Amino acid sequence: MRRYFGRKLLIYGLTFFMAVTVNWLVPRLMPGDPVASMLARARVAQPEAQEALRVYYNNLFGFDLPWWQQYLNSWGSLFRGDFGISLWAFPTPVADLLTRAVPYSLALLVPSILLSWVVGNRLGALAARRKVLDNTVLPVSYVLTATPYLWLAALMAWGFGVVWGIFPVAGGYSFSMTPSLTWAFVADLFWHWLLPFASLFLVALGGWAIGMRNVIIYELESDYANYMSALGAPQKLIRRYAFRNAVLPQITGLALQLGVLVAGALVTEIVFSYPGLGSLILAAIQNKDFFLLQGAFLFIVLGVLIANFIIDVVYVIVDPRTRVGMAGAAA
Amino acid sequence: MKTEALYFAIRNTKLLVGAGIILVLLGIGVIGPFFIDKPPTEYVGMQMQPPGGEFWLGTNTFGQDLWAQFVHGLRTTFLVGALGGGIAAVIGMVVGFLAGYKGGWIDEILNMLTNIVLVLPTLAVLFILNAYIGVRSAGMQALFIGLTQWPWAARSIRAQTFSLRGRDFVDLARLSGVGSGRIIMREIAPNMSSYLLLTFILLFGGSILIASSLDFIGLGPTDAVSLGLMLQQAHQWSAMHLGLWWWFVPPGAGITLIVGALYVANVGLDEVFNPKLREL
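These protein sequence lines are chains V and Z, in that order. Quick note on numbering: the first sequence equals residues 1 to 331 in this note's numbering. Quick note on numbering: the second sequence equals residues 332 to 611 in this note's numbering.
Among the hints, erroneous ones may be present.
Which chain Z residues face chain V? A few, computed with CB under 10 Å, are given here [claimed, not checked]: (1) 377; (2) 381; (3) 382; (4) 451; (5) 452; (6) 483; (7) 532; (8) 539; (9) 540; (10) 541; (11) 549; (12) 550; (13) 579; (14) 586; (15) 592.
Here are the computed lysine to aspartate or glutamate pairs in the DMTMM-like style, where the Cα-Cα straight-line distance is at most 25 Å [unchecked claim]: (16) 345/Z - 221/V; (17) 288/V - 554/Z; (18) 607/Z - 51/V; (19) 345/Z - 335/Z; (20) 236/V - 48/V; (21) 345/Z - 602/Z; (22) 433/Z - 554/Z; (23) 236/V - 221/V; (24) 433/Z - 385/Z; (25) 288/V - 221/V; (26) 607/Z - 335/Z; (27) 288/V - 134/V; (28) 607/Z - 518/Z; (29) 369/Z - 554/Z; (30) 345/Z - 134/V; (31) 369/Z - 385/Z; (32) 131/V - 223/V; (33) 607/Z - 319/V; (34) 607/Z - 221/V; (35) 236/V - 134/V; (36) 131/V - 554/Z.
Okay, the calculated bits of chain Z under chain V, using three or more residues with CB under 8 Å as the criterion [claimed, not checked]: (37) 437-447; (38) 497-504; (39) 514-522.
No lab work stands behind these hints: they were computed from the structure. All values derive from a computational prediction rather than experimental measurement. Using N, Cα and C, we set each Cβ at its ideal position, and we do this for glycine too.
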């Protein structure tokens, strides 16, 4: 178990290291003189912003410093939580913008990921080896999993928001409201959250159902299942054992899908103008606010790594083989 | 063996339906642009026309012909999918074969690299790459997508290679002095050719989905029209609020059809190659 976690943490550490390095290196790979071209591309109106930008860029690129010192400095500012100043929302620090947006993104991501995983697994397990269900659940699942997140979001916003007019199509809460801990505001928040959540949930659902169905079929054909049915065990019991075994690869699958799910949430937020990280990234790209973009990138990487680690812990709790140090989980 | 696969292929509904849809859409994307004499971004007619006789898919708020955009977009989308999926498949094969066949420290290093790129949220990496280096062509976009999508392919190819490595025919080839590269190409790869094809198809579909997200966020190619870019423009000029459903429904449906057909064809092919899965 110590070896298992040690290896995982090593990989996550290296990944974070690589992400920070990429984040540091890519601006330096830009063709031409980066400071001049970025100043030109930033199109900042206020002179104080322009000046701050020039100083910051010169600091960041630090032409008078050797490259290794520039690199170490970037780590230093990272550990101080200094992501720079946003140009789009000058002079708000990038870290403030990001921490304000993260709760909205998490509120969308966590419930939709967990619920789609649980419901999708149930659906897939039900469908496996049951002709009628299989012929309905499977095609629907394939359509859902092939749907771009942004398109389903756009369809739902148009259908429920514009045509029927029962749901709001933009924002995290009504413009007429100020954030407060009243029932009216919480209800409003929930009402704005429902559509983006539903579209994320639906697209993710299909993949889990397909995966679970395939694994369950494989498990139902395995030796232990045949042995049990030869002993006359009820079909329900065999299915329950098969389900418990089939959940393990689905947990691994969840870890592998995290990046895709986060990406889906980002574009869904953009469709609904939901005030999370996705909308910030769009604003950053449209306004050439590179600090904001880089900060968002590091936040996302960090979030995905933490989520991966949580899944690893869950895996150890669920699969006893990893605890006693037997092979069990593949690295 | 070949004729046997063909025998089951032409009797597999999933494969036929999936491949049929893809061929039709591919045909529209490849041949269609030749029948449209004006560039897809030209202002050709009345603004906000619903689908009808002259403009099959209507026009947008600028009076651009959406059918022309759709046809050209299909071409770009297929191109990005095939190129991105192809690049990812090649990298995944090289890494997977090398790691699985060589083993030892090469395997350790490549496996570590695979795991690192696997946990990186690739779309976020692509934001950074695209925003700084600037992707202005569909080829560049495909290259970046290919460079980030290979890890899971490498991982599964490595596992397959690992199980083939100890077989007698591989040992025999090694004893007779055949080099590693030749063994991989002549002994190992042919034994998992069907699996490699399935991997490529999945990477193909995945690349199309990622490209559509990138386009939508405003990091798409600037020298081409793609289905994702149509969606981005529809959103940017609030087609949803204006009720111009013909602007954003067809491109999304096109992407869903292509990717869905690829997945279904993939399941069909799997049944053709794998006797265990056949329903007779």
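Hints, one by one, checked against the model:
Interface hint status for residue 377/Z: violated, as the beta-carbon distance to the closest one in chain V is roughly 22 Å, over 10 Å. The closest approach between the C-beta of residue 381/Z and any C-beta of chain V is roughly 15 Å, which is over the 10 Å cut-off, so the hint fails. Interface restraint check: residue 382/Z against chain V, minimum CB-CB distance 16 Å, threshold 10 Å, status violated. Taken as an interface hint, residue 451/Z checks out: its beta carbon lies about 6 Å from the nearest beta carbon of chain V, inside 10 Å.
The interface hint given for residue 452/Z holds, since its Cβ lies 4 Å from the closest Cβ of chain V, which is under the 10 Å cut-off. For residue 483/Z, the interface hint holds, the least distance from its beta-carbon to any beta-carbon of chain V being 7 Å, beneath 10 Å. Because the closest C-beta pair between residue 532/Z and chain V is about 12 Å apart, greater than 10 Å, the hint is violated. For residue 539/Z, the suggested interface contact is upheld, since its CB lies about 9 Å from the closest CB of chain V, less than 10 Å.
Of the supplied interface hints, the one on residue 540/Z holds, with its beta-carbon coming within about 6 Å of a beta-carbon of chain V, less than 10 Å. Annotation: interface hint on residue 541/Z holds; nearest CB of chain V at approximately 8 Å, less than 10 Å. The interface hint given for residue 549/Z is met, as the beta carbon of that residue sits about 5 Å from the closest beta carbon of chain V, less than 10 Å. Given the 10 Å rule on beta carbons, the hint for residue 550/Z holds: about 7 Å separates it from the nearest Cβ of chain V.
For the restraint placing residue 579/Z at the interface with chain V, the shortest Cβ-Cβ distance is roughly 5 Å, inside the 10 Å limit, so the hint holds. A least Cβ separation of about 5 Å between residue 586/Z and chain V falls short of the 10 Å threshold, and the interface hint therefore holds. At about 8 Å, the closest approach between the beta carbon of residue 592/Z and any beta carbon in chain V falls short of 10 Å, and the interface hint on this residue holds. For the proposed pair residue 345/Z and residue 221/V, the alpha carbon gap of about 23 Å is at most 25 Å, so the pair holds.
For the given pair, residue 288/V sits about 20 Å from residue 554/Z by alpha-carbon distance, which is consistent with the 25 Å threshold. Pair hint residue 607/Z plus residue 51/V does not hold up; C-alpha atoms about 68 Å apart against a cutoff of 25 Å. Note on residue 345/Z and residue 335/Z: the hinted pairing holds, with a Cα-Cα distance of about 17 Å set against a maximum of 25 Å. With a C-alpha separation of about 71 Å, the suggested pairing of residue 236/V with residue 48/V is violated against the 25 Å cut-off.
Proximity of residue 345/Z to residue 602/Z is assessed by CA-CA distance (about 9 Å); at most 25 Å being required, the pair is judged to hold. Distance check on the hinted pair: residue 433/Z and residue 554/Z sit about 43 Å apart at the alpha-carbon level, beyond 25 Å; violated. Restraint check for residue 236/V and residue 221/V: the C-alpha separation of about 15 Å stays at or below 25 Å, so the hint holds. For the hint pairing residue 433/Z with residue 385/Z, the CA-to-CA distance comes to about 61 Å; that exceeds 25 Å, so the pair is violated.
Our distance criterion of 25 Å between C-alpha atoms is broken by residue 288/V and residue 221/V, whose separation comes to about 55 Å. As the CA atoms of residue 607/Z and residue 335/Z are separated by approximately 14 Å, the hinted pair is consistent with the 25 Å bound. Only pairs whose Cα atoms come within 25 Å are accepted, and residue 288/V paired with residue 134/V is rejected, the gap being roughly 48 Å. Straight-line distance between C-alpha atoms of residue 607/Z and residue 518/Z comes to about 23 Å, which keeps the hinted pair within the 25 Å bound.
Taken as a hint, the residue 369/Z and residue 554/Z pair is honoured in the structure, with Cα atoms around 15 Å apart against an allowance of 25 Å. Under the criterion of a C-alpha separation no larger than 25 Å, the hint pairing residue 345/Z with residue 134/V is consistent with the structure, at around 14 Å. Taking the CA atoms of residue 369/Z and residue 385/Z, the gap is about 14 Å. The hint holds against a cut of 25 Å. Proposed proximity of residue 131/V and residue 223/V is supported: the alpha carbons are some 23 Å apart, at most 25 Å.
For a cut-off of 25 Å, the pair hint linking residue 607/Z to residue 319/V is broken: about 28 Å separates their Cα positions. The straight-line distance between the Cα atoms of residue 607/Z and residue 221/V is roughly 11 Å, inside the 25 Å bound, and the hint therefore holds. This hinted pair checks out: residue 236/V and residue 134/V have alpha carbons roughly 18 Å apart, not beyond 25 Å. Pair hint residue 131/V plus residue 554/Z does not hold up; C-alpha atoms about 48 Å apart against a cutoff of 25 Å.
Here's how the segment 437-447 of chain Z fares: 4 of its residues keep a CB closer than 8 Å to some CB of chain V, so the rule of at least three is met and the hint holds. With a threshold of 8 Å between beta carbons, the proposed coverage of the segment 497-504 of chain Z by chain V is violated, since 0 of its residues qualify and at least three are required. Coverage of the segment 514-522 of chain Z by chain V is violated [criterion: at least 3 residues with CB-CB distance below 8 Å; count 0].
Of the hints listed earlier, those the structure fails to meet are numbers 1, 2, 3, 7, 18, 20, 22, 24, 25, 27, 33, 36, 38 and 39, in rising order.
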